[in-house]
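A.B. asks: What follows is the residue order along each chain.
Number of protein chains: 2
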Amino acid sequence: MRTLAEELFKDFREHSVSEFFRKNAAMLGYTGKIRSLTTVVHEGVTNAIDAAEEANILPDITVAIKRVDEDPEHLKVVIEDNASGIPEEFIPHVFGKMLAGTKLHRSMQSRGQQGIGISGAVMFAQITSGRPTHVVTSTGNGEIVCADVMIDVDKNEGRMMNGKKLKGNWRGTKVELELKEVKYERSRYGPYNYLRMTAIANPHARITFIEPDGKLTVFERATDEVPERPKPMSPHPWGVTADDLLALAKRTKSRSVASFLISELSRMTKRKVEETRRLSGVNLNKKPSELSWEEAERIVSAFKQIKFMAPPTSGLRPIGAANIENGMRQILNPEFVYAVTRQPRVYRGGIPFIVEAGIAYGGGAGRKEGGEEVEAEGLDLIRFANRAPLVFDQGGCAITLAAKSIDWRRYGVDIATAPLTLFVNVVSAYVPYTSAGKQSIADEPEVFKEIREAIMDVARELRRYLYRKIRARERQQRAGIFEKYLPIIARKAANLAGTQEPDITPLLKKVAGLGDGGGKDGP
Amino acid sequence: MRTLAEELFKDFREHSVSEFFRKNAAMLGYTGKIRSLTTVVHEGVTNAIDAAEEANILPDITVAIKRVDEDPEHLKVVIEDNASGIPEEFIPHVFGKMLAGTKLHRSMQSRGQQGIGISGAVMFAQITSGRPTHVVTSTGNGEIVCADVMIDVDKNEGRMMNGKKLKGNWRGTKVELELKEVKYERSRYGPYNYLRMTAIANPHARITFIEPDGKLTVFERATDEVPERPKPMSPHPWGVTADDLLALAKRTKSRSVASFLISELSRMTKRKVEETRRLSGVNLNKKPSELSWEEAERIVSAFKQIKFMAPPTSGLRPIGAANIENGMRQILNPEFVYAVTRQPRVYRGGIPFIVEAGIAYGGGAGRKEGGEEVEAEGLDLIRFANRAPLVFDQGGCAITLAAKSIDWRRYGVDIATAPLTLFVNVVSAYVPYTSAGKQSIADEPEVFKEIREAIMDVARELRRYLYRKIRARERQQRAGIFEKYLPIIARKAANLAGTQEPDITPLLKKVAGLGDGGGKDGP
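Note that the protein sequences, when read in sequence, are chains Z and Y. Residues 102 to 624 (our numbering) are what the first sequence spells out, left to right. Residues 102 to 624 (our numbering) are what the second sequence spells out, left to right.
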């Protein structure tokens, strides 16, 4: 006779990660017709810019969204880049296998990281339109590979179909995804605004966008400087856990724990290894694979007592204040812009990050509806992580919380009406995202504090500008008054005195000059 | 010569789903020391209650949290149930393999569903304390299995160690997880409140809780009625997509599409199949495996034009208004309680759900700090999905949004100060969670609207009660006045008339009786 448990466990099944995300597509950002479309664009563009960065070239990206038939919710998204291309044998894995990619085991800043994004987009296309994703790619070896890719959801594997090869000298990748249940709109949450934000944070990229109605927009690059490629960074001793240490020990080629610590962690020197040995009492001559949990814990707690240099931040690649200002100028054409790149900081003991903020006032800055030039409607907060725009889930994001925590009146602005765009970018090899959709940064205390400081830095500069502007306007008004009444006074005075009316033009010029507002500040 | 792409792709790697969630533990709710502890308790208790439900027995669950050593952030969580037990060969899969479980391919209401929860807790234990999870289980076959389980993160596989078997007549499962980096606190977000909420929503469960200081609390069951086991429900034609249909077609045993539609979907009859055939023009005699995407799309769009009965809701198991009231009475001991279980509704065209709401006023109701009886501090919103408490991520949750959208003053309460507990439970085979941590319900329009209606239902009843209470108090005050002045008036009148003072007791009793407030309402 079977027990109850045996009866119940006959239904025990295993799922693939693709099947999991198929059922839970909302976790990847596929929720709502507008957001789903923007998510697909985001995944394609993220991959394109990351690839260009790896290849050390200026990205030239074209995004086209086209109608397929009468159904306005049936669209094709085409994303083309000029990066390194994908070797043929990797095509099914890149587009059809989740949790696979080139960025998984590195401690390095990049937009993508988990190997889910583009496969998720391929899956969304497949489950809404039933169509494979069409890929055209070449590594520049004279051969262009064209193929269709679908995901075998049960196995989490990509299937390549209709593959063919052409001759040609081109390098790059073009991806065509056919989607249903999506909607194109020029709203704050649509692809247009997403690409506009991407252009601001990636002033070295040229992004060409073709909308379903055929309208073409080029977000021209604001600099020809290729950003330096981010470098992998070894973890800092203060940032590793016992479990991390053992995971590293499993993969290392070092023969002893001592040499392993030096090769796999940053800021470890022979002297620091000696200190670790002394404080932990662990025999560091043993093989890394023989390290026990308890020894790893003792090593980690010894680390906490040792003075190390701060974690290296040489691998982090902020956009840079000048580039942010250029990007905001290029896209927003504001009357005032100012940006700051703060010094590196760490969170959770040893994970380095950098916060950048920029502020733009007037011109195209401020909340716009529909992306067209309409009346300004108050503060537009644009959030980024490693230069990728965060468009959704703003509510719980540390950037939103930090911006809200500022008393803006102290900086002379009413954020409900001011034509203001506030830009924040958080740069790290480990951005603490709150979900797989990567649209919101967790409220880590150090990160929150640093974002707040950065915003206050740029807000102070804005206050100075606005103050000068008010002063200038007052002076101008004063000058206007002189201009109006001086000639009258001069005439009346001359009449009274019975003398000839004096030439007051030089005097007026002098007064008007003071009202220029461009120059030095008065006392 | 290697191309740039070949150079870059030499780092191409694959991750297991365990490795993914190890790096992104926050997505499973492991963020912060208090929340991490509550998440472990949640996963264990969820599994225990689900298992009891499957076994059709009254759950008897013991949760103990113990200190391990001097370190207050080093704790052991022990969760024991009296359910069906786990067959030996499934132990490593249940506790050590993510995306594996008995609930994956069913359309059935349950707390757990994805086969991630308890393995996630085992992994959290392992990466913080380095210790395996100790499991003791018996299916009631006279044999008790004890074993340690760890997860091989690289392979997403469970490893069983130190297994041994004892003789004994016991049935159930006991799990011991050793954790570091956690913190015990009796706050709103801690295990105490979590279990208190669980007890309210599961009045058929007895939950015994032992805190680290040894304090024992028994949340006694408020009913001995075992809830009927939820039944798997076939999807409704209006709720399936073309992709769903093809996925079902792949697994069916039916020989023709026509019989497949009847066997796999609800509300399909021979007549409806005929209508589908006519409207779609698809040959329904072919094998299900031969169905093309385009045909599946035509079938799905034919479904939309056919009148079907509403989706079956026989498989949904709400708690029931009387049980919610009992649960709230048992735990909160309020002066007023009222609950409602609404009629089933559907969202996204065909996914059935039920909303229940309960309200408690006075007594232990309202926001308390530390779980102790302190002064009431306004509305306490307690959210549930399939009877499991949602403790975190309240911000974006549809329940919170619906509760906030109510104009509470219209119901005569100031939610900032009233001793009020509002209970909402959303029941569905597919609760639209916003993340893998399952702490927040997505803002689906139909779900939001229904929650709002449910809250207004109970709020109206509260208004009626409060109104009666105010009336009663007014009457009492009136009666008080009579009591005070009638004797005086009687005496003076008697004196004036020179008669004997009358006995006014019967009159006073009559007036006081009106002031009882318990009886009928006045006009």
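In case anyone wonders, no lab produced these hints; they're calculated from the structure. Some hints here could point you the wrong way.
[Unchecked claim] Partial list, computed: chain Y residues near chain Z (C-beta under 10 Å):
(1) Arg114
(2) Asn125
(3) Ala184
(4) Phe191
(5) Gly202
(6) Pro413
(7) Thr414
(8) Gly416
(9) Pro533
(10) Ile571
(11) Arg572
(12) Ala573
(13) Gln577
What you are looking at is a predicted structure, and each value in this text was computed from that prediction instead of being measured. Note that beta-carbon positions come from the ideal geometry of N, C-alpha and C, so glycine has one too.
A.B. asks: May I ask which of the numbered hints given earlier this structure violates, with the numbers listed in increasing order?
C.D. replies: 6, 7, 8, 10, 11, 12, 13
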